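K.L.:
In the order they appear, the protein sequences are chains A and B.
Just so we're on the same page, my numbering is the position in the first sequence counted from 1, plus 1.
Just so we're on the same page, my numbering is the position in the second sequence counted from 1, plus 78.
There may be inaccurate statements among the hints.
To be verified - Label-pair restraints from in silico Cβ distances: (1) Asp-149/A with Val-362/B: 46 to 52 angstroms; (2) Ala-134/A with Asp-106/B: 39 to 45 angstroms; (3) Thr-420/B with Arg-176/A: 41 to 47 angstroms; (4) Glu-146/A with Ser-385/B: 34 to 40 angstroms; (5) Ile-322/B with Leu-56/A: 33 to 39 angstroms; (6) Arg-380/B with Arg-176/A: 39 to 45 angstroms; (7) Gln-147/B with Ile-159/A: 33 to 39 angstroms.
What the hints assert, rightly or not - Residues from chain B that keep clear of chain A, each with C-beta distances beyond 12 angstroms, as calculated: (8) Trp-111; (9) Gly-227; (10) Val-251; (11) Lys-263; (12) Thr-283; (13) Val-323; (14) Gly-342; (15) Val-368; (16) Ser-385; (17) Pro-401; (18) Lys-407; (19) Gly-415; (20) Ile-419; (21) Ile-426.
Just so you know, the hints here were simulated from the structure itself, not pulled from any lab data.
Predicted model, so just to flag it, every value in this text is computed and none were measured.
For every residue, glycine included, the Cβ atom is placed at its ideal position computed from N, Cα and C.
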Amino acid sequence: MIDKSVPDDFQAEEERRRAVYNGLINTYSKQLFNFGYRFCPDGEIIKDCIQQLFLDLWNKNFDFDESSNIKSYLFRSIRNRILREKPKWNRNDPLLEEYNFILEFGIEKQLIQNDQDKELAGKLGKILNALPARQREIVYLKFYEDMDAGQISLIMNINRQSVHNLLQKAFQKMRVEWKDYCYLFFL
Amino acid sequence: MSKYENFGIEDFLRDEYFLEWVLKPTVDHKLFWEQWLMDNPEKKEELSNAARVIRSIYLKPLDRELSSQELNEIACHFISQTTSVIELKKNTFSRLRWIGIAAAILVPVMVGSIFSGSYFSTPEIVPASLWIHTVNQHNGSKLVALSDGSLVILKAHSHLIYPKVFEGGKRVVTLRGEAFFEVHKDAKRPFYVYTGPVVTKVLGTSFTVSSFPGKRKFAVLVNTGKVEVFQRQKGKSLEGSPSIVLLPDQQAVWNKQRTGLERGAVETSLLLSAGTSKKTFSFVNTPVPVIIARLEKAYSVRIQYDSSQYSLSRVTASLSNLPLEGKIKALSKAVNGSYRITDTGFIIN
Chain A
2 MIDKSVPDDF QAEEERRRAV YNGLINTYSK QLFNFGYRFC PDGEIIKDCI
52 QQLFLDLWNK NFDFDESSNI KSYLFRSIRN RILREKPKWN RNDPLLEEYN
102 FILEFGIEKQ LIQNDQDKEL AGKLGKILNA LPARQREIVY LKFYEDMDAG
152 QISLIMNINR QSVHNLLQKA FQKMRVEWKD YCYLFFL
Chain B
79 MSKYENFGIE DFLRDEYFLE WVLKPTVDHK LFWEQWLMDN PEKKEELSNA
129 ARVIRSIYLK PLDRELSSQE LNEIACHFIS QTTSVIELKK NTFSRLRWIG
179 IAAAILVPVM VGSIFSGSYF STPEIVPASL WIHTVNQHNG SKLVALSDGS
229 LVILKAHSHL IYPKVFEGGK RVVTLRGEAF FEVHKDAKRP FYVYTGPVVT
279 KVLGTSFTVS SFPGKRKFAV LVNTGKVEVF QRQKGKSLEG SPSIVLLPDQ
329 QAVWNKQRTG LERGAVETSL LLSAGTSKKT FSFVNTPVPV IIARLEKAYS
379 VRIQYDSSQY SLSRVTASLS NLPLEGKIKA LSKAVNGSYR ITDTGFIIN
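For reference, chain B alone in the conformation it holds in the complex:
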């Protein structure tokens, strides 16, 4: 017997646990209240009235919010305050040409407001929209497509910062948390993943980086290709810093207690590594649901499909050499369907 049995609608309105269930329920809330409703079915109307009353209350918006232009001003001002003049002189003309066009639009708006300083004759104002900061706050995976064709599967509670378009001779992203990378091969433009003091460099391969602040473990697991992991040191350039090269099925672990990167073998062979991948993704008359389950498990993505349509279909294919999207494309073709990329995975129909 809980206190709720004697509650009237007014009591529910002032109860914290009930309010939480209506406004921001967790699994616990749902379990409790659904069970309680089953045990006390006569209270159903009272409960739904209470819920309706609560939902009818809304938070009035403030009379003012930050406009996109104001946001851009803050971002531009920040960049101008943190860019030294010396840096500007080193830029090549091709970069300035592009920036010159953008600045011509921006400067008339900015001048006279928050900008001071004399070096705006050659402004290096990079619009805030050039860099994207994507956060995956949920427990599932989030797919991020990069401008070079690379794919990032961002795991739970992780952040990724990347440019809208990769420019120059390097491809650089910053990661906080964990992500699986399928990097498009481009020997002329090495791909760097920055995670605090450790930097992972690749040319074109697939690997997982895991670096959560507060946790002592940092790890890079290599699925295919070759990966070089650097330990950044102040005052030294990256190429001059200590590093280790990892091959498939190897991982680097950085114990923050000691000062080195350690190489180790992965305990169980990774599903996606070169060694097991061929076996894992070679299908002979395999039912579609089995293939999809295997893909979901190996990549930690969600693949939705119409089970009534495809559950009996069987496919023969060797998908191991294809990147994830390529696998999905091949599978869709094999069942005469099409696919779509979503935030959390794919839909095949």
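For reference, chain A alone in the conformation it holds in the complex:
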């Protein structure tokens, strides 16, 4: 007896594929939004980018099974897409060094008791907030998205040595700027 409610093999395959993508959308969209918004704080643009990203992958017959690091691949793709599509930029140089990356730190004052530590926390926060965009991005990926050097190099499209150098630059900047900030400048 033929079970009419079951599509034949090819439809089953496409349905299965669609279910896979559905699962990906369900799992990663919020994270992709959270990351993408930092480059371009426009909800509609970012939603559009996410939508297009998955449709393009589908149309390219991209196979989820074959990709070895889904999250990094998706992060890289959305990043490229946003940086490429933002109209402000020179289209001939879509991956320009200069872009914005929203990352703002605050201080939980209740967690610190003494004044000296309060001052240090304020100083650290201010310096982190003043890091250039690329360094902010790498701090975010490393400490808040838990990415390792390999994943970061894939996402930011730089080689592993550059990942290391960029992090070093961030810490170097922190050390240099530290001396410039004195007691009067913190909130």
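Dock chain B against the given chain A, drawing on the hints supplied.
P.N.:
Below, chain B alone, put in the same frame as chain A:
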């Protein structure tokens, strides 16, 4: 002597290795810093002050995030864009009836926003929540219970995609990585595991599938029952594709260099296979810790229990014919306790 001996609190705050230890420590970090603290106990207060300062800094949330409704819109739009009209006509009424109810709620919200196209008179909008994509990013196992009573033990760094409720004449899941399946017997609804170009079909049995992208080996190891492994070919239906049937203690390996599925015997008899299972899980006056250790090893799951309460208890039972949960249930009963399923295994108390 490392540089850290001369560090003041401000230096610690700007040191990458120290920050990593406070924020995302690995085993190496813990080993290093705990040892360093033991060697330099006078620095303890300075270190904990530094850690406290670091922890007091938090990342301010963005002024906006993706709402669940927006997520659903993206998912629905995706489905509508990738479903062809022809497919809709082939659906039976029973399916449409269910979908019709869901659509009635969804459509008033969707119309006018991102949807275009004229075929929304019979929309096949499947809510994103119908399919579950579960990922095990850790090194232990993760237990997944399926709607038909089947159990999946998802191994490290693996993904499983499955529907919340199995519908229709087939049970289909997609796997990337490795998992052990205990499939509830249902001859009317064969169970399929899709892993790239290879599909494993069973009626009711237990087996392990291992398919990691990038690694050349693909393997299906059969513990009990019978399993059929297909090699999907473009343009051919599944039943018409080449396949091999595997029996317990056999495995199929797919070498991506060549084009075939190869059958081979498993080197050492699997702990869970029909042959050894009886021996492995027949207990006569066996101490409970021994039974639990054996279960943990055979299934790669964590079983927590109060060792002070049960370490001296002994059990006589034959558990080999039971599925994993059945074994745990029987064991719990034997010690007058109860059990609970967790993410990574079971708790008996």
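K.L.:
Determine for every hint whether it applies to the structure shown.
P.N.:
Outcome of the hint check:
no.: 1; hint: Asp-149/A with Val-362/B: 46 to 52 angstroms; result: 49 angstroms, holds
no.: 2; hint: Ala-134/A with Asp-106/B: 39 to 45 angstroms; result: 30 angstroms, violated
no.: 3; hint: Thr-420/B with Arg-176/A: 41 to 47 angstroms; result: 45 angstroms, holds
no.: 4; hint: Glu-146/A with Ser-385/B: 34 to 40 angstroms; result: 38 angstroms, holds
no.: 5; hint: Ile-322/B with Leu-56/A: 33 to 39 angstroms; result: 37 angstroms, holds
no.: 6; hint: Arg-380/B with Arg-176/A: 39 to 45 angstroms; result: 44 angstroms, holds
no.: 7; hint: Gln-147/B with Ile-159/A: 33 to 39 angstroms; result: 36 angstroms, holds
no.: 8; hint: Trp-111; result: 17 angstroms, holds
no.: 9; hint: Gly-227; result: 20 angstroms, holds
no.: 10; hint: Val-251; result: 9 angstroms, violated
no.: 11; hint: Lys-263; result: 18 angstroms, holds
no.: 12; hint: Thr-283; result: 21 angstroms, holds
no.: 13; hint: Val-323; result: 19 angstroms, holds
no.: 14; hint: Gly-342; result: 23 angstroms, holds
no.: 15; hint: Val-368; result: 38 angstroms, holds
no.: 16; hint: Ser-385; result: 33 angstroms, holds
no.: 17; hint: Pro-401; result: 26 angstroms, holds
no.: 18; hint: Lys-407; result: 31 angstroms, holds
no.: 19; hint: Gly-415; result: 36 angstroms, holds
no.: 20; hint: Ile-419; result: 22 angstroms, holds
no.: 21; hint: Ile-426; result: 32 angstroms, holds
The structure fails to meet hints 2, 10 from the earlier list, while all remaining hints are met.
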